[in-house]
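A.B. asks: Residue strings, one per chain:
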Amino acid sequence: EAGVTQFPSHSVIEKGQTVTLRCDPISGHDNLYWYRRVMGKEIKFLLHFVKESKQDESGMPNNRFLAERTGGTYSTLKVQPAELEDSGVYFCASSQWGLAGSEQFFGPGTRLTVL
Amino acid sequence: DQQVKQNSPSLSVQEGRISILNCDYTNSMFDYFLWYKKYPAEGPTFLISISSIKDKNEDGRFTVFLNKSAKHLSLHIVPSQPGDSAVYFCAASPNYGGSQGNLIFGKGTKLSVKP
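Heads up: the protein sequence lines correspond to chains A and B, in order. Numbering-wise, our numbering puts 481 at position 7 of the first sequence, and it's gapless, one number per residue. Numbering-wise, our numbering puts 52 at position 44 of the second sequence, and it's gapless, one number per residue.
Just so you know, these hints were derived from the structure itself, not from any lab. Glycine residues also receive a C-beta, built at the ideal position from the N, C-alpha and C atoms. Errors might be hidden in some of the hints.
Unchecked claim - So, partial list: chain A residues that the calculated Cβ filter (under 10 Å) puts toward chain B:
| id | residue |
| --- | --- |
| 1 | Ala476 |
| 2 | Val478 |
| 3 | Pro482 |
| 4 | Ser483 |
| 5 | Gly514 |
| 6 | Leu520 |
| 7 | Val524 |
| 8 | Phe565 |
| 9 | Gln578 |
| 10 | Phe579 |
| 11 | Phe580 |
| 12 | Gly581 |
Working from the sequences, and respecting the hints, build out all of it.
C.D. replies: This is the structure we're talking about:
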């Protein structure tokens, strides 16, 4: 069974540019999460999809970030325009159940560097 | 304001001995606690969890202990093996409002097991 995949693995862009990250969850997992780890800090929750609906987007830092999950399959996270502080590793995770304590399966992450 | 704290950034242990990783939390509303292991260039991998109504959960070489009165949990690895060398993240899973399922992570503890 394929795990969670993320594309690209690395992205280097200049401040002000746009970047789109993609996540393909494990097939059949309705719950999809985005997290971000800024260097030296903890992994922080960004948002949670249940199928194509946003269940919780309380972690999104500002309106420069837009997440979508059209059709309830893969998800994209767009940053527009990117700022220096957006640099970090963006993880996607999926789970079958969106309950407290449910195991989440993480992708390898996308390392974003904004210059 | 960190709700989950791992105060030891690193830990070095001899192969065959016990590794004890500690985690403190501030919010008594957390429902579950999970430990994730992370190797470089990979996403976190689920290791073991514990419900807030229990004080111990064991899975092979891994045991998690929860002390609710102290808001403290620990992960014990016995015996430690070189392959256990990784960054270990403590995470809490709240169950209030719309926050079901998302994880609140600590900063991680890097475990090195020396042969």
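A.B. asks: Now look at each hint and say whether the structure bears it out.
C.D. replies: Hint check results:
no., hint, verdict
1, Ala476, "violated (14 Å)"
2, Val478, "holds (7 Å)"
3, Pro482, "violated (14 Å)"
4, Ser483, "holds (8 Å)"
5, Gly514, "holds (8 Å)"
6, Leu520, "holds (9 Å)"
7, Val524, "holds (9 Å)"
8, Phe565, "holds (6 Å)"
9, Gln578, "holds (7 Å)"
10, Phe579, "holds (7 Å)"
11, Phe580, "holds (3 Å)"
12, Gly581, "holds (5 Å)"
Violated hints for the displayed structure, listed by number in ascending order: 1 and 3.
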